[in-house]
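Engineer: Sequence:
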Amino acid sequence: MKQIILITDGCSNVGLSPVVAAAHAKGEGIVVNVIGLIDTSVLGEHGIDEVNEIAQAGGGMSRLVTVDQLSQTVQMMTRKTVVQTIQQAVGKELQHILGDSRLESLPPDKRSQVVQVMDELSETTDLDIVLLIDTSASMKPKLAAVKESIYDLQLSLQARSGYSRMAVFHFPASVSGQEEVEMDLNWTSDLANLNRLFYKLNMKGTTPTGPALLKVIQFITTTAAVDDIYSRKGGAAVDQPVRDSAPKVKDGMLSDYVV
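Quick note, the sequence shown lines up with residues 1 to 259 if you use full-length UniProt numbering.
Source of the hints: derived by calculation from the structure; they are not laboratory data.
Cβ atoms here follow ideal geometry from the backbone N, Cα and C, with glycine treated the same way.
Derived DSSO-like pairs (lysine-lysine); straight-line CA-CA distance at most 27 Å:
(1) K80 <-> K147
(2) K80 <-> K110
(3) K2 <-> K142
Label-pair distances were calculated between CB atoms; the ranges are:
(4) T206 <-> P108: 52 to 62 Å
(5) G99 <-> E120: 20 to 30 Å
(6) M183 <-> V20: 18 to 28 Å
All chains should be modelled from the sequences, with the hints used to inform the complete structure.
Structural biologist: This is how it looks when you write it as structure tokens:
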């Protein structure tokens, strides 16, 4: 299961619409969640609309939060999106088997068994998360909260029984003004790597959210393909252990629970 969590405090102003980019992500099987990070000022009306539209196009959730709510929101959003995605998949399976996607249509004993399967999958399914962080000039005083939220999210992911890994990008790139996005952390589950984050950032005024999303989508799809090749060969990609594939709904996970 693949997610992008976009953390931003303003409107995109360079390149492709981020709503179009988020729709592309959804087409690639990647959920896009958006957190609009605000302080005592009010995020512009257009910015609020954009946050909601990006999440809707990306099949994810949107939240407007203050700095002190960020860490809790990132963790909540990650978990709720996993559960939501599994519920959607289970609904499709029920539709295929019963002609009805509602859990309520099942007998109580069967319903409880399906719910148990859903709960287990939410904890055991493989999870890839990319944090995409707006580092335009207005975000500078908020970066400490962003870094703390990343650390807390890593701890939360490590508590899962399923395999989880995370990568971190910021935009615009600090190394070159010609790049829309820069990688801060490649796929990892190693907390020790967090001390490298945001070491030297050149805060910029532009906000190329759409182009940055496209770059991150390309990163996810490319590394997923490489991981698949290495897994079939018995190796490991990007310094990560090969893990077993999570159960798939389409393989009939509900066949033992539905009559």
